[in-house]
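So the protein lines, in turn, are chains A and B. Each residue of the first sequence is one higher than the one before, starting from 1 at the first, in the numbering used here. Each residue of the second sequence is one higher than the one before, starting from 116 at the first, in the numbering used here.
Derived DSSO-like pairs (lysine-lysine); straight-line CA-CA distance at most 30 angstroms:
id, chain 1, residue 1, chain 2, residue 2
1, A, Lys78, A, Lys14
2, B, Lys216, A, Lys57
3, B, Lys216, B, Lys183
4, B, Lys216, A, Lys11
5, B, Lys228, B, Lys173
6, A, Lys78, B, Lys216
7, B, Lys216, B, Lys173
8, B, Lys173, B, Lys184
Hints were generated in silico from the structure; no laboratory data involved.
These are the residues of each chain, in order.
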Amino acid sequence: GAGVSQSPRYKVAKRGQDVALRCDPISGHVSLFWYQQALGQGPEFLTYFQNEAQLDKSGLPSDRFFAERPEGSVSTLKIQRTQQEDSAVYLCASSRLAASTDTQYFGPGTRLTVL
Amino acid sequence: AQSVTQLGSHVSVSEGALVLLRCNYSSSVPPYLFWYVQYPNQGLQLLLKYTSAATLVKGINGFEAEFKKSETSFHLTKPSAHMSDAAEYFCAVSDRSGGFKTIFGAGTRLFVKA
Numbered sequence: 001g002a003g004v005s006q007s008p009r010y011k012v013a014k015r016g017q018d019v020a021l022r023c024d025p026i027s028g029h030v031s032l033f034w035y036q037q038a039l040g041q042g043p044e045f046l047t048y049f050q051n052e053a054q055l056d057k058s059g060l061p062s063d064r065f066f067a068e069r070p071e072g073s074v075s076t077l078k079i080q081r082t083q084q085e086d087s088a089v090y091l092c093a094s095s096r097l098a099a100s101t102d103t104q105y106f107g108p109g110t111r112l113t114v115l
Numbered sequence: 116a117q118s119v120t121q122l123g124s125h126v127s128v129s130e131g132a133l134v135l136l137r138c139n140y141s142s143s144v145p146p147y148l149f150w151y152v153q154y155p156n157q158g159l160q161l162l163l164k165y166t167s168a169a170t171l172v173k174g175i176n177g178f179e180a181e182f183k184k185s186e187t188s189f190h191l192t193k194p195s196a197h198m199s200d201a202a203e204y205f206c207a208v209s210d211r212s213g214g215f216k217t218i219f220g221a222g223t224r225l226f227v228k229a
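With the hints as constraints, model all of the structure from the sequences given.
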């Protein structure tokens with residue numbers, strides 16, 4: 001596809017369940033970012049991949065959050081034992097280069113609701 | 116540590132009026148600055164970015180922003196608002212120290228009245 005895609009678009013989980021959110025970046029993009037966007041807030045950085053290497057995971061809120069990009073393309077964000085405070089929109093973005101100035105292209109997000 | 120403050124969570128203007136969305140940043144190193152727009156049910160889209168070339172940056176859809184180091188500001192303007200400009204706008208900052216983290220402001224929702 002031409003843009004970044006994310007699936008599922010909506011996810012409802014019961015507290016304590018594990019969830020997996022998928023991101024398909026633009027083909028050939030080196031960089032991949034995950035963000036968490038709470039209601040009424042701006043995106044908050046979670047983690048960054050350069051190809052398959054996770055170079056920055058400083059934004060992951062707890063060890064329940066785990067992200068991977070094993071082949072340097074598709075990425076999965078996994079949240080274990082979900083809590084109500086995990087409810088948010090999870091955004092994925094990719095950029096062509098590994099540079100802070102490069103334009104990030106965002107997917108539409110996955111809205112996670114934890115009951 | 117870097118941070119971004121957007122003044123005003125909501126701004127309302129009349130169609131044809133000037134749009135001014137305010138952004139102030141804090142950074143210990145010269146920053147890279149960005150404005151993104153988010154339309155309902157769509158992903159964020161880059162409007163413009165400042166990367167240390169010209170301080171007045173022109174973006175898409177008639178928007179522009181001026182980097183003012185002395186005021187630590189990067190306000191977004193458009194001379195004449197259009198109904199289609201109604202959206203959420205985010206200011207963001209990243210640094211030149213080799214990291215890739217981008218810090219976003221809380222956003223400003225722009226309403227355009229007919």
